[in-house]
Amino acid sequence: MKFFEDIRVGDFTALGRYTFGADDIKTFAQRFDPQRFHVDEEEAVRSHFGALCASGWHTAAMWMRFVAEHRRREVEAAQTRGEPTAAHGPALGFRDLKWLKPVYAGDTIDYGVEVIETRVSNSRPGSGLVTTLATGTNQNGDRVISFVSTVFVQRRPDTP
Amino acid sequence: MREPKLYWEDFEPGAVTVYGPRLVTREEIVAFAAEFDPQPMHLDEAAASQTLLGGLGASGWHVCCLLMRMICDGFVLESASMGAPGVEEVCWLKPLRPGTQIRVRGTVLDKRASNSRPEMGFVKYRFEVLDETDEPITTLATTLMLSRRVPGAAA
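Quick mapping for you: the protein sequence lines, in order, are chains A and B. Note that the first sequence covers residues 1 to 160 in my numbering. Note that the second sequence covers residues 161 to 315 in my numbering.
Hints in this document: simulated from the structure, not taken from any laboratory. Among these hints, one or two may not hold up.
When the alpha-carbon atoms are kept at most 27 Å apart in a straight line, the in silico DSS-like pairs for lysine-lysine are as follows [said to hold, decoys possible]:
#	chain 1	residue 1	chain 2	residue 2
1	B	Lys254	A	Lys101
2	A	Lys26	B	Lys254
3	B	Lys284	B	Lys271
4	B	Lys271	A	Lys26
5	B	Lys271	A	Lys2
6	A	Lys101	B	Lys284
7	B	Lys254	B	Lys284
8	B	Lys165	B	Lys271
9	A	Lys2	B	Lys284
10	B	Lys254	A	Lys2
11	B	Lys284	B	Lys165
What follows is a set of in silico ranges between Cβ atoms, one per label pair, in the way DEER data are often shown [unchecked claim]:
#	chain 1	residue 1	chain 2	residue 2	range
12	A	Arg8	B	Ala206	32 to 40 Å
13	A	Glu41	B	Glu188	21 to 29 Å
14	A	Leu133	B	Glu188	29 to 37 Å
15	B	Glu195	A	Leu100	18 to 26 Å
Each residue gets a CB set at the ideal place from its N, CA and C atoms; glycine is no exception.
Bound-form chain B, shown alone (with noise of 0.2 Å):
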């Protein structure tokens, strides 16, 4: 493997970092609805302006999986990182209509090293989709698991 850029101990609490943009079409909207979560509000226009939604619009799933993407390309994929145990809050605050440029702003809300684990540490971050007006679409806290450095050093 190459040799990551990013350890735990190049994270700091504060920092902001905006992804993207990237358009998300109709059809990848529609594609991942009828693989993953295929229901009216996601598959079809004329059945999904009768939903709540009032028109179509990507599944929650889907917006999670473009956030877990442009991260990735942002800074994932040249970090040391060891996965995620879990995700502590996703709120579906508006409808990710087709055509929209999305952007993630990523911001460190704390870290710390592992008790158990000296050769890990994890990061908190929120993260935020945002349409082109900076409304988020999509808010989500997750805490990231990252190699050290320099294992089990003093943080």
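Just chain A, with the same shape it has in the complex (with noise of 0.2 Å):
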């Protein structure tokens, strides 16, 4: 993974992309999330959602795995290269996330993640503060979940 003096304002990265079907919605919500429109197709018709949607922490759990799977590339890819990676982490939470619309079954959603600041960290001197806007956006290219966290990343180790 990239040190925090190669991250800039305004990286964009795009993550992946992920269908949601139905049975996908409703193992999830069976097991995290069983609200009505979460679980069954004839009572979201009815719910203000009007059809089947995912919980919203299915939609975040998504990113996450498409952010874990990207990690894991970026450091295969380095230890080819006979690169030093960093180490991030670990997240401390986040903060805003906003379920903008529902993601209904069969939504396609591209997930991404940008870089909106960059701070060397007063706590730890041998690392930097990147904090980044989280992403998902539908087929239709509307915005469907966004979130904001900082995580600590390792500066490089001949930075003065």
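Combine both chains into one complex, guided by the hints.
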């Protein structure tokens, strides 16, 4: 993964694309969020959502999966080139999570992450703090989820 | 659908309720991580001991999902829930280790009627996921949307 010095405000990473199937939505919701509009098509039609839609936690968890896979690919690529990789994390949480539109069965979500702020850490001189905006956008171009998170990212060891 | 027991009118600022306990196993921590957060600190003890987590711990997203399930069983499923527009803040304060009995403490912070939708109101909550010693593992601030028993009536 990139070192702090190699990360710029405005950097955008397209993480990948996922289509939420009805069975997939219901399986997740039965485990973690069994509200009627996430587990039953007929009940969902009668709800204010109007159709079966994914738990917001499902939409968020899929973003995390794409990030984890992206990080693994970056580490493997660096190792192939014989380059060092920076330590990231731990994430301390997130804020301003917005479920902007429902994710309905059959919707395809493009996940991404954009760097919105970078600063050197006062508490950990060997690290920087990188703040990102996570996004998910459906097939109509409408944003369905966003949130902001900040993680520690290792600085280049040779940085003064 | 069943008639909900709890409407927006039934939530009182200041009310505190504790849900659980629920035992979180190693197997479910690893299963969640394999599916949604496949990083070493959530998957494998030996690899996790080399990370900043200092040992196997649940994905923070898993903690959020467990919280959601516990409040579903606690009150959301018997309420006139209309979902939530988002989450103001989540703080992952401590790792959730395998074998921990967690509880969730919910505090109603505030409530208000919707200006644009007379059939709906908002209830602002702080939820804390607690370990056996009542230390918070994760805190979460969110605003729930609920149907009103009497749409448009003065709050």
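How the hints compare with the structure:
Restraint check: the Cα-Cα separation between lysine 254/B and lysine 101/A comes to about 31 Å, which exceeds 27 Å; the hinted pair is violated. Simply put, lysine 26/A and lysine 254/B have alpha-carbon atoms about 30 Å apart, too far for the 27 Å limit, and the pair is violated. At roughly 6 Å between alpha-carbon atoms, lysine 284/B and lysine 271/B fall within 27 Å of each other, so this suggested pair holds. Taken as a hint, the lysine 271/B and lysine 26/A pair is broken in the structure, with Cα atoms around 30 Å apart against an allowance of 27 Å.
Distance hint between lysine 271/B and lysine 2/A is unfulfilled; the C-alpha atoms sit about 44 Å from each other, more than 27 Å. Only pairs whose Cα atoms come within 27 Å are accepted, and lysine 101/A paired with lysine 284/B is accepted, the gap being roughly 20 Å. For a cut-off of 27 Å, the pair hint linking lysine 254/B to lysine 284/B stands: about 24 Å separates their Cα positions. Distance hint between lysine 165/B and lysine 271/B is fulfilled; the C-alpha atoms sit about 18 Å from each other, no more than 27 Å.
Between the alpha carbons of lysine 2/A and lysine 284/B the distance comes to roughly 38 Å, so the proposed pair goes past 27 Å and is violated. As the CA atoms of lysine 254/B and lysine 2/A are separated by approximately 26 Å, the hinted pair is consistent with the 27 Å bound. Between lysine 284/B and lysine 165/B, the direct Cα distance comes to roughly 19 Å. Compliance with the 27 Å bound is thereby established for this hinted pair. Take arginine 8/A and alanine 206/B: their Cβ atoms lie about 35 Å apart, and the range 32 to 40 Å holds.
Range check, glutamate 41/A to glutamate 188/B: Cβ separation about 27 Å, and the 21 to 29 Å hint holds. The supplied range of 29 to 37 Å is met by leucine 133/A and glutamate 188/B, whose beta-carbon atoms lie about 30 Å from each other. The given range of 18 to 26 Å is respected by glutamate 195/B and leucine 100/A, whose C-beta atoms sit roughly 24 Å from each other.
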